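Number of protein chains: 2
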Amino acid sequence: MQYNVIFQPSGRRCEVSQGKTILQVSRESGVDIEAPCGGAGTCGKCKVKVEAGFCNLAPLTGQEKRMLTPEEMVDHFRLACCAKIEGDVLVFVPEQSSSAKQVILETASERQVNLNPAIKKYVVEMEKPTLEDYRDDFRRLKDALIRSYSHLNADIGIDYNVLLTLPDTLRKGKWKVTVTLWQDTEMIAVEPGLVENAYGIAVDIGTTTIAAYLCDLATGKVLKSDSMMNSQVRYGDDVISRISHCMMHDGGLDRMHQMIIDDINALILRLAQAVAISNENIYEMVLVFNTAMHHITLNIDPRYMGSAPFTSAIRMPMNIKARDLGIKIAKSGNIHCLPVEAGFVGADNVSVLIAEEPYKQEKMMLVIDIGTNGEIALGNEDCMMSTSCATGPALEGAQIKHGMRAAPGAIERVKINRATYEPECKVIGEKMDARGICGSGIIDAVAELFKAGMILADGRFNKKLTSPRLQKGADGKQEYVLVWAGQTAIGQDITITQKDIRAVQLAKAALYAGAKILMKKRGVNKVDGVTLAGAFGSYINKESALVIGMFPDCALESITAAGNAAGEGAKLALLDTNKRLEAKEVAAFVQFVETAAEADFQTHFYDAMCFPHAKDAFPHIQQILDGISARS
Amino acid sequence: MQYNVIFQPSGRRCEVSQGKTILQVSRESGVDIEAPCGGAGTCGKCKVKVEAGFCNLAPLTGQEKRMLTPEEMVDHFRLACCAKIEGDVLVFVPEQSSSAKQVILETASERQVNLNPAIKKYVVEMEKPTLEDYRDDFRRLKDALIRSYSHLNADIGIDYNVLLTLPDTLRKGKWKVTVTLWQDTEMIAVEPGLVENAYGIAVDIGTTTIAAYLCDLATGKVLKSDSMMNSQVRYGDDVISRISHCMMHDGGLDRMHQMIIDDINALILRLAQAVAISNENIYEMVLVFNTAMHHITLNIDPRYMGSAPFTSAIRMPMNIKARDLGIKIAKSGNIHCLPVEAGFVGADNVSVLIAEEPYKQEKMMLVIDIGTNGEIALGNEDCMMSTSCATGPALEGAQIKHGMRAAPGAIERVKINRATYEPECKVIGEKMDARGICGSGIIDAVAELFKAGMILADGRFNKKLTSPRLQKGADGKQEYVLVWAGQTAIGQDITITQKDIRAVQLAKAALYAGAKILMKKRGVNKVDGVTLAGAFGSYINKESALVIGMFPDCALESITAAGNAAGEGAKLALLDTNKRLEAKEVAAFVQFVETAAEADFQTHFYDAMCFPHAKDAFPHIQQILDGISARS
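Residue numbers (this note's numbering), protein chains in the order written: chain P, 1 to 632; chain X, 1 to 632.
No lab work stands behind these hints, which were simulated from the structure alone.
Keep in mind the model is a prediction, meaning the values are calculated, not measured.
Treat the hints loosely; a few may be bogus.
Because identical chains share one entry, a pair is satisfied inside a single copy or across any pair of copies.
[To be verified] Calculated cross-link-like contacts (lysine-lysine; reagent style DSSO-like; alpha-carbon spacing at most 30 Å):
{"id": "1", "residue 1": "Lys172", "residue 2": "Lys321"}
{"id": "2", "residue 1": "Lys472", "residue 2": "Lys360"}
{"id": "3", "residue 1": "Lys20", "residue 2": "Lys499"}
{"id": "4", "residue 1": "Lys431", "residue 2": "Lys45"}
{"id": "5", "residue 1": "Lys47", "residue 2": "Lys120"}
{"id": "6", "residue 1": "Lys128", "residue 2": "Lys584"}
{"id": "7", "residue 1": "Lys584", "residue 2": "Lys176"}
{"id": "8", "residue 1": "Lys321", "residue 2": "Lys120"}
{"id": "9", "residue 1": "Lys128", "residue 2": "Lys331"}
{"id": "10", "residue 1": "Lys331", "residue 2": "Lys584"}
{"id": "11", "residue 1": "Lys128", "residue 2": "Lys521"}
{"id": "12", "residue 1": "Lys128", "residue 2": "Lys520"}
{"id": "13", "residue 1": "Lys47", "residue 2": "Lys65"}
{"id": "14", "residue 1": "Lys321", "residue 2": "Lys584"}
{"id": "15", "residue 1": "Lys331", "residue 2": "Lys321"}
{"id": "16", "residue 1": "Lys431", "residue 2": "Lys47"}
{"id": "17", "residue 1": "Lys321", "residue 2": "Lys121"}
{"id": "18", "residue 1": "Lys615", "residue 2": "Lys415"}
{"id": "19", "residue 1": "Lys615", "residue 2": "Lys363"}
Bound conformation, chain P alone (with noise of 0.2 Å):
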């Protein structure tokens, strides 16, 4: 008897026979699970949450009844390696239970920041109030602070919430006092006597992970970074999923609001904790994010922008109370978030868009953002356009046969021999024995098994071609085993299939012809240099990017890594309010195409289905395709 087993969130399928334990079978199938005991049931570290299929399993063991707390056990929490399977069920695998610690990406750029936050501390002194001088306290503070500094003005208000303290504080700092303003206009804090220290935060939530960076504002510096996944990855890898679970469900709104909002707040008090400062002096957030996360960040019913015409609620940037929201920083600061551009390209293209800064070039770039949604924006100072394209998780390894995240044991490097056909792999981590194929290495193999003429233009594996790498799988169909069985660390050869090979075609015959559609709209056949944001950007080699046809032919030194642009852009944003003007505009500025709505959409992606495609020049690997083509 066999049963299927899915594993959330990397998306790893097996089908297993009766009886084995989720520990055994995730081992089997590369999904890491952290079981530092080895599976003797002493550790407890290997706790996974059955999401479907509870009654699928053997009852729970006495190990399991000590190790798991009774919230747990009704939660459907089980020990992996007590667990034994006795029919299909889906695995959530939390990421504190996962030994696979994802690679953060430390950004290259240095970028120039002008520092002019939003947060203005002022420190303040005033005369005690008398029987002459009855003013109130807020106009005696007010008072004085525009005395002090000059660059105020009378208008400045209070939060409601900072009045309550405020006649205490003021008797407390023995009527001298630190203000903090909110864009010289709103006291949103109070402190007695001298307090310098302000902090904000800048938050890029992502679909599968969301980054944080707690930056001091007086000096613009990042103190500290983390990063963590995205809770809501346990109903489903993208934001489809992801919105179909808000309309499926009741409460399902909420429930994944407040995940997103917990998840925030786990960061703040992890990045606080980590440089010893209190929540209460973190006075400002920015946050960035797909117009999906943006959505549900905010509580705001998600459902008419996942389907056409694919509406956004509001797309303009908004300030909101972090009480509102409650996200746990000074309790009457703000979160700042980027304006939404249009449908599904969202803040974070925005905040792409504000780091790069494309419009400010001569130049025509095309900024390509790769995540589980790809974005793309193409223009100049005289004009931008942006769209979105549905590549799916492809190319972030997921949905592929041997696919990970980028975390030890993957392969995120191939060359393949053009004599021999043997393959050369680069695993990350030291010393690792392979566990799979994150989004790089796949692009590499899919490229050098094209270089090698293993797989003709179409994609399908050369017939003609035969070398002991290239078997027939389980599933009947022709693949290509990177590493035998005996050098992994799952137990079983690691392959490239015909349908993960498919499964690129399609990722990147979506960028293609959104880039493509753009260019025919803007009226430009080339473009003079690409920018690739996001983590994954870093990571791919340009030219197997390009040998694939990723994105229009350029030479391959103006094509450049952006690192997590839309994190510094959040950055940026949080540092320097101009940045934020800047946003808006940008927004307003950068003209959205619907292009899967165009006309000729089909077309332009059937022609870029090709290997790089099938009616484009390549000029800067002229010579690469030479090769190829000389082979066959």
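Take the given structure of chain P and dock chain X to it, following the hints.
Frame of chain P, contents of chain X only:
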């Protein structure tokens, strides 16, 4: 054995012998407790709360165990007809158990209202989104709004809470909705289809009574008025005792804040139910209050305004989101608080001024708001001054031996025959026997005793006179019998004591001295008119008030009663935003004088202790005064 029993909120005190029930004692001392079953323990209407001395009552009877809920027993509720007194107790009579419902003054003067509320509703129709017209929902709505109503501008924002349901609302209304704007700048509600109803509530939060007026914002009509006792009265009659409670008890402020919010919410519910509307269609509330109630309502520590230099936390007008205060009107509605003047001269006084508009007149007006605290404003279009006077609650019938609120059974008018010394009393309520004396009755009684020559200018009883009505009281001191025991509802003589007269002297001297100092500062020695604001001001006999010298001389026809002018001002501010600007201006325009801090205050106060005054002439009642001199 004699025990002390004190009833709240009336403050009535009495000595009783062992074994009497609370109901018996309440009847003997003129405290109104409802008991339709005649004290048989079967109706459960006479519930009272024992605030102190719970152990000094006989144990719970079987009837009480049947009639009281477990929560009520825990909260020290008893049935007044069952609970026998065996020691000192402090009993609180909740409003629902009080048979003496307060008399609510219906305003006489119909003021002109220029209808221009902050809340305006706009019906908007818009086109559906399409792939070509991908504007976000908010933008689509705003564009349609501005297109249809040309006076609106593009800066219109949206409250975060409204945004949460915006996508659903637009589609539910089939792209036709009603937008509620606040100040034509912020969307605070969007409802599907056409929803014309727009309501607001003006609330006057007094130390003793909370009055609320539900208004139709489209017509300006008052649909329903209601009032209730301020639940805080259990913590004392005056603002100082409330401030003390905040200072002396942990969580005291939070508790009192919550009480008043609960009271306001109870009034909202009653008003909404009375006219069968949804509280979601109540979009704004205007609050007026004295400064102590202002602070406590907003949950701001009032301790620093309780002692010199009486500093308030904030005086400027405020708009606070209803949700931040826990007030249950429309979620995104605002609570507008009128500005505070200074110290104890609160937003209620500003409210009186915008209702009476003395600052628009040439005539020199004296505006006296008589409540638990007395506030005085003097001036005309050139200059306004104000002060507050510690009158104490004597003029409202508290701290007077047989004093009571203006409720059925209260003596409200007194005439004394100058030949026979026999009184003629008018009691509130048809054919009711007297239970006590309310404020206007006390003023009358003292003025009549003075006019009859029974008390002298210094307030002492005239020892030369004899009358059966003049007797020694239980304390061995002289008193005047207004109603013989047999003709009362309480079975004992209702008298005016020497102590009562002293209390009236102290109260009126405080008022007079305050007015006199303002007049001196303003450089005038007479006023052209006197306006008496406050419900009490409407009931007092002007001649009696002038005879005892409550305020400086003025023609009787120029003394007018303004009713609850504070409530009127609140209504005006609710219905006309120009009145809010006027309030802000007048709060800044009025010059506050801390009269009690003036060097000659004591002299003025001392002189004003006399009836009508030790030195000042009263030409307008000279004939009456001459009559008194002729007799003595």
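Each hint, compared with the structure:
Within a single copy, Lys172 and Lys321 get their C-alpha atoms as close as 26 Å, and across copies as close as 28 Å, so both meet the 30 Å cut-off. Proximity of Lys472 and Lys360 under a CA criterion of 30 Å is satisfied in neither setting, with 52 Å inside one chain copy and 98 Å between copies. Taking identical chains as interchangeable, the C-alpha atoms of Lys20 and Lys499 lie at most 30 Å apart only when both belong to the same chain, with a minimum of 28 Å there against 94 Å between chains. Within a single copy, Lys431 and Lys45 get their C-alpha atoms as close as 24 Å, which meets the 30 Å cut-off; across copies the closest is 84 Å, which misses it.
For the homomeric pair Lys47 and Lys120, neither the shortest alpha-carbon distance inside one copy (45 Å) nor that between copies (56 Å) is at most 30 Å. Taking CA atoms no more than 30 Å apart as the test, Lys128 paired with Lys584 passes between copies only; the shortest distance there is 25 Å, against 44 Å inside one copy. Proximity of Lys584 and Lys176 under a CA criterion of 30 Å is satisfied inter-copy only: 28 Å between copies versus 38 Å inside one chain copy. Taking the shortest alpha-carbon separations for Lys321 and Lys120, both the intra-copy value of 17 Å and the inter-copy value of 25 Å come in at or below 30 Å.
In this homomeric assembly, Lys128 and Lys331 come within 30 Å of each other (Cα to Cα) only inside a single copy, at 27 Å, whereas the closest approach across copies is 39 Å. Taking the shortest alpha-carbon separations for Lys331 and Lys584, both the intra-copy value of 26 Å and the inter-copy value of 28 Å come in at or below 30 Å. For the homomeric pair Lys128 and Lys521, the shortest alpha-carbon distance between copies (26 Å) is at most 30 Å, but the shortest distance inside one copy (67 Å) is not. Taking the closest pair of Cα atoms, Lys128 and Lys520 come within 30 Å of each other only across two copies (29 Å); inside a single copy the shortest separation is 70 Å, beyond that limit.
For a Cα distance limit of 30 Å, the shortest separation of Lys47 from Lys65 inside one copy, 12 Å, qualifies, whereas the shortest one across copies, 53 Å, does not. For the homomeric pair Lys321 and Lys584, the shortest alpha-carbon distances inside one copy (20 Å) and between copies (27 Å) are both at most 30 Å. For the homomeric pair Lys331 and Lys321, the shortest alpha-carbon distances inside one copy (8 Å) and between copies (15 Å) are both at most 30 Å. In the homo-oligomer, the alpha carbons of Lys431 and Lys47 lie at most 30 Å apart inside one protomer (27 Å), although the nearest pairing across protomers, at 81 Å, exceeds that limit.
Taking CA atoms no more than 30 Å apart as the test, Lys321 paired with Lys121 passes in both settings, with 19 Å inside one copy and 26 Å between copies. Taking the shortest Cα distances, Lys615 and Lys415 sit within 30 Å of each other inside one copy (27 Å), while across copies they are farther apart (112 Å). For the homomeric pair Lys615 and Lys363, the shortest alpha-carbon distance inside one copy (25 Å) is at most 30 Å, but the shortest distance between copies (93 Å) is not.
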